[in-house]
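This is what each chain is made of:
Protein chains: 2
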Amino acid sequence: MPYRFATLPAMRLTRGTDIALRVLMLTAVQDEQSTVDELSAALDVPRNHLAKIVQRLAHSGLLLTVRGRAGGLRIAPEALEWSVGQLVRDFEGDHEVIDCEDPPCPLRGACRLRGALRRAHEAFLAELDAVSLRSLVEKPTGPLLHQLTAPAP
Amino acid sequence: MPYRFATLPAMRLTRGTDIALRVLMLTAVQDEQSTVDELSAALDVPRNHLAKIVQRLAHSGLLLTVRGRAGGLRIAPEALEWSVGQLVRDFEGDHEVIDCEDPPCPLRGACRLRGALRRAHEAFLAELDAVSLRSLVEKPTGPLLHQLTAPAP
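Protein sequence lines correspond, in order, to chains A and B.
Residue 104 in numbering that gives the first Met the number 0 sits at position 105 of the first sequence, and the numbers go up by one each step.
Residue 41 in numbering that gives the first Met the number 0 sits at position 42 of the second sequence, and the numbers go up by one each step.
Hint data in this document are derived by calculation from the structure and do not stem from the laboratory.
Please note that a few of the clues may not be correct.
Which stretches of chain A does chain B cover? Using the computed rule of at least three CB atoms under 8 Å from a CB of chain B, they are [stated by the list, open to error]:
hint	region
1	107–117
2	125–136
Here are a few chain A residues that sit away from chain B, every Cβ distance over 10 Å (derived from the structure) [stated by the list, open to error]:
hint	residue
3	Thr34
4	Arg55
5	Ser59
6	Val65
7	Gly67
8	Pro76
9	Leu79
10	Glu80
We put the beta carbon where it would ideally sit given N, CA and C, even for glycine.
Whole structure, please, built from the sequences with the hints as guidance.
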């Protein structure tokens, strides 16, 4: 009978986390509120996908949304104190980064590789825990981003 | 003109690295030499794909291959001293984990997120640098793997 390991992992930032980070960096440097349409165009992300991520960020208290005709969204002041690690955990959950259960791996209860990868992933996140969203838009990044995305005068 | 970030990264072990790790763990506990066909069946990986990875491991000196009728392959003794981090670097190269160049991101020369992700990836690898392939097959993993894959008596 063939013996099969479970397929190993992807140790990755999902596309949703990627977009969330970019939405936060962009709204962090914007003077005015923006809209889903504007962000969708600026970040080259389909509107529906972007709308879901904005909803999720608003749910976590990171974006403030105003409904209606003069509506729009802007970053919540508290969001700047969040760390990138926090955001990644919030978006990706605390689920295991390696998939040992589907299909179930016969080694999974006793696997040293699983432990090593789990520790490595923790080290990855710990490094990002030390980086605040505020620090991501300090010089030189923030001013450049502001300049690139400001409406033409 | 829309401003676009480059697509952010995948921070991941590729499938090739995954399979390479499993080939090494398996051959590390085998008493006899094995064949590409056996490994392909045991790991549930298509033969062609597995053959390429075996070739690459042999090229790096991690597997010893014997050609011909009584041929087969086994792990090189030195391979056990390699760290998982070394293997990952060898397989994935030192290329950047985030793709800031395709399409080129206007922030790429001045991006604090890029720096943070680079440091996080380094922390991930540093943790795996401390884990030798030998240690991956210590108790309880090695004996269990040996038992699961040994031919029936």
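(message) Checking each numbered hint in turn, tell me which of them this model violates, lowest number first.
(response) none
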